[in-house]
Amino acid sequence: MPYAEFKAPKGIIKVFVKLAEGVISQIQISGDFFMYPEEALDDLEQLLVGTNAERAELSKLIEQFYEQRQIQTPMLTPDCFVEAIMRAVRR
Amino acid sequence: MEGWRVIPLRVDDPFYSMAIDEAILKLNSEGRSPNTLRFWRWQPSTVSLGYFQSLEREVDLLAAAKYGVAVVRRLSGGGAVFHDHDGELTYSVVCRQEDLPRDIMESFRVICGGLIKGFERLGLEARFAPLNDVEVGGKKISGSAQTRKWGSVLQHGTILVDPDIRLMFELLKVSPEKISDKFIASVYERVTSLARELKKRPSFEEVRDAMCAGFADSLSASFEEGDLTSEEINLAEELKAKYASKEWLMKR
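Chains as they are written, first to last, in our numbering: chain F, 45 to 135; chain B, 259 to 510.
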C-alpha cells in the first residue's frame, strides 16, 4: 500500500493509502500527534474512504470535519493531514 | 485549588499502571476520586506507544523481546517513550477539566510548571518547550502526553533520571540510515537526564519529593498522601485486560 510521512514542525503524520480509480478505498493515519477528541481519527479515516484523492476536495472535507467536530490538533493544522495524504497518494 | 491527593511511589507492571491512570480519570470525572498526583516506575522496562501510533512502524518487537521489554499502547496521544525501569520516573496528574486552562498548550504549560519547579528544587533551571516537553539547557529532560475524557484530564509523562539511551534507540524504530554513532551523538545533544545534569544520580525518592513540592508550588494546591481507593483498584483490575490485549496494542 502506498505510504508516506509528513513531518510538521511538531509531530509526524504517517499515511497508508489505497486507491481505486482515483478514489480512496482504504486509509490508515498514524503518528505522534495529539487529536481531541481522540475517537475522531477513526471517524476521519471512515469519512475519507470514498473521497477523490485530490487536494482541493480533501482540504474542504477535512476542514469541514474540524469545524463540525470541533477538532483540536495542537501545533498541527488540517492542511498537515492533507499534505500527508497527498504525499502517500502520489507514491 | 482545593486538596489534592498524592499517591506514594509505586512500581507496577505496565498494563496495570495504564489501567490505574484510566480508573482514576474515570472516577475523577464522576466526582468519586479527588484530583490526584501519582509517581510510579515501570516493571519491567516498557515502550509506551502513543494512542495514534502504529505498532509496527514505531517499535522493534524483536529487540523488545530480546531485552525483555514490554510494549503497551497509551490512552494518550504523542510519541513512543522508552520507560527504563532503572532510569526513569513517570508522573500522572488527573484533575477536573475546569481546574486547567481550556487551551491544550496552556494546560500543558500549567502542569509542566510543576515539573519545572521540581527541577529547580533539584538545582536545575528548566523551561517549558511547547507543546509537551521540559528542557534543561536546550535539551529534553521530560516529555508529557495528555488525554481529556468525560470532563477530566489525565496528563502523564516521563522524568529522565538516568535512562539507557542506546537501548532506547534499539527499541524505537528510527529510519535505519539515521542509526549511526553520529545519530546517537546527536541524540545526546537533544536529550539529557538528571544524572547527566547533576553529575550524580539522585534517588527516585529524592526526585519524587522535589517534584511533589514543585507541583504543590505551581498548582497552589495542598497535597495529602493517600492510597488508591478500593473502587479505583477494582476498576483498574477490570481495565487491565484491555491494556494487555492484542486488539488494543495493535489498534493501529
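Fair warning: there could be bad hints in the mix.
[Unchecked claim] Pairwise CB distance ranges, derived in the manner of DEER restraints:
1. B:Y325 to F:D123: 38 to 44 Å
2. B:R290 to F:E101: 43 to 49 Å
3. B:G409 to F:D123: 41 to 47 Å
These are computed hints drawn from the structure, not numbers from a lab.
For clarity, every value in this text was computed on a predicted model and none was experimentally measured.
Just so you know, even glycine gets a beta-carbon here, dropped at the ideal spot from N, CA and C.
Inset, instruction - Could you check the structure against the hints above and give me the numbers of any it violates, in ascending order? - result: The structure conflicts with hint 3 only, although it agrees with all the remaining ones.
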